[in-house]
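Going line by line, the protein sequences match chains F and R. With the working numbering, letter number 283 in the first sequence gets 283, and the count goes up by one each step, no holes. With the working numbering, letter number 394 in the second sequence gets 394, and the count goes up by one each step, no holes.
Honestly, I wouldn't trust all of these hints.
DEER-style ranges, computed between Cβ atoms [claimed, not checked]:
(1) F/Met106 - R/Glu92: 40 to 48 Å
(2) F/Asp275 - R/Gly369: 54 to 62 Å
(3) R/Asp201 - F/Thr76: 48 to 56 Å
(4) R/Gly211 - F/Met106: 31 to 39 Å
Anything over 10 Å on all C-beta distances counts as not near chain F; from chain R, calculated [claimed, not checked]:
(5) Gly114
(6) Arg162
(7) Ala264
(8) Gly265
(9) Pro327
(10) Gly348
(11) Ala360
(12) Arg361
(13) Gln377
No wet-lab data here; the hints were simulated from the structure. Computed from a predicted structure; not experimentally measured. Ideal Cβ positions, reconstructed from N, Cα and C, are used throughout, including at glycine.
Number of protein chains: 2
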Amino acid sequence: MSTSDAQSGPSILESPSKPVAHGRAFAPGRTLRQGGKVLPEHARGHNRSLVLQTLFHQGAMSRADLARETGLTRVTMSDLVAELIADGFVAEMGVREASGPGKPAMLIDLDRDGHRIVGIDLSGNDSLIGAVLTLDGSIVARREVPLPVAADLVSTMVDLARALVADSHAPVLGIGVGTPGVVDDRGVILTAPNFGWAGFDLEGALRGALGLPVLVANDANAAVLAEYTFGGAADDVLLVKVGRGVGSGLLASGQPMRGSRFAAGEIGHVTVGTDGGPQCACGKVGCLEAWLSVPALTSRLAAASAPADREGILRDAGERLGIALAPVVGALDVSEIVLSGPPELLSGPLAEEALATLRARTLAQPHEGVRVRMTQQGDDIVLRGAAVMVLSGQLGVS
Amino acid sequence: MSTSDAQSGPSILESPSKPVAHGRAFAPGRTLRQGGKVLPEHARGHNRSLVLQTLFHQGAMSRADLARETGLTRVTMSDLVAELIADGFVAEMGVREASGPGKPAMLIDLDRDGHRIVGIDLSGNDSLIGAVLTLDGSIVARREVPLPVAADLVSTMVDLARALVADSHAPVLGIGVGTPGVVDDRGVILTAPNFGWAGFDLEGALRGALGLPVLVANDANAAVLAEYTFGGAADDVLLVKVGRGVGSGLLASGQPMRGSRFAAGEIGHVTVGTDGGPQCACGKVGCLEAWLSVPALTSRLAAASAPADREGILRDAGERLGIALAPVVGALDVSEIVLSGPPELLSGPLAEEALATLRARTLAQPHEGVRVRMTQQGDDIVLRGAAVMVLSGQLGVS
């Protein structure tokens, strides 16, 4: 197999009209402090992203509609659309029935089948999961391989990614990877104890091996992007990912929170309450993870005999989640907590108790409207989030 | 008295080269979703702010240095500087000694005395405090009036602002106000129980009466801006303001956090711990405010006889602050907690215990580097933050 499919298509990275990578370039505070000027090519990249973003969210429309929606002139729009058609990102979809006099309008849309994205999820318990996704985030092919020993992890990922690129049958826009651990904004794994990585440039290693754009992020940070782009999440949302560990991804005003050391969202080892709690693997007592992780919950549930005991265990875990999150809801005024993980554990009593606890422990007004709900993205949430990273990084669409 | 001083100067709001109001305009996620295009005048406003921002932070330099720092061409820079000199925001400061061959360079700087800013602080216990500030945030005049009954508050503020404008002896760039309560991004007070305000357009009322740009924000949100601009705060910082109540202001990646209902920072009525606590005025038990507010601390200290008891009271309050903030440090990976309020209460045992508790209740790596410190801005922090709001809103400087 080879990556020839991908390389025969127009490469975004080599294109003279390379779009601004909004996922990273738009950190206005830092940009200003570092002295970012606005050049004509920035405006062009921004406007190109704006067209793609509009089509991504609103679907097919005429060039005239696009001009109206974006505020750009018809001439500018005509040039931009021609360029995007030549690059294979936009296609003409046929004419719309004319509703009045005049020529019927040609509809333009994102060419959702013109490119593919490869997503890889390293957060599984015992397997690596990969998928080929359309620009819509639909999964069109999927592969799963057993988790190898740590020393073979990168070569196994490279093989998996190559197989998925071969499955793609269209140019591949890029490869997104969601992984446990703390990941910096260059895709360097600062720490991922599960895999023994510390300061490892996973993004660079994969890019070098695959010859395609690669974007690597923490799995929960990827997941919250999927929830925002495909799950209708609010602009201020915290996604709690419950698996072997407990992590979270956070958006404020629709922007991903990174943190001062790229460790935003690391709530698994925050101590909950002032009355002790279960022993945590980290050595402390009463960490959120010790209350809420899948292994912790399943072992406590297995020891419970009566259904009422089982419900009590889930309610206790939900209460602890609410106790841990109340200060975060207060400080950030998030409007929504989204839970990702086994629904048989998280939905029902656990989510109900988390909400009741959040309401009891924050100021009624303005926080009484806060919601707690399960994601509808299921087990594909990290894969779809990885696709959003590529859409955002390569096309400026989010 | 009149506002003629201010109105005789160049009004930013009427200038054809009005800069982008970075404090509000730059919310990239929302901007994209709402379809913001980049126009030439945006680039011009951005570059104008960039020049002001560079001079604000780095001080006097030549046009050639400015061009190099900002990446703009010398021709563009020359035009921009001419425009900014004409508007009274930039001045020539004299030539620098030539270090080599060639013409000695004329130094350019922000005209720090060319304009004044008026700041008003409504967070005092029993007075309204106002000041005239330079563009540097230095206070050059100050007035204080007793807090009137609620019905007279706006007219008292207007009188105070007019007196300060008269004190200014230079064009007034704008008026910044820091107030307790939840304030939206248009300066409407959504709720401020102390003053009986709910849905009150304070910004509009003051602008109408004063004929000058007015910017209103929550007092703790103003304070964190002062700490960021003048106090050397990190990009990811939480400022806790302790007075009659307890509030906070939060920056992530140097950007102010607003929250889904503009209530970010409202941590005073978050319940702390799971072992009860003092009764709070809100009706709940164990709110952070019931542990930490100045009235709560002073009344408990007054009842203590031995110095050891007093230290114990302060340590307990610091521990509660650490318990409340640990999940926030985990979720946001802030690197610094700054305390604002009476140093005789907050510095020493209280701050020490807060730090020790934070460290004990979060993941050692990456959070062991988190700091807790007192602000050096003293009681002027809200006034200086109000000035930053005006600098940011009117000049794009932060």
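Which numbered hints turn out to be false for this structure? 1, 2, 3, 4, 7, 8, 9, 11 and 12
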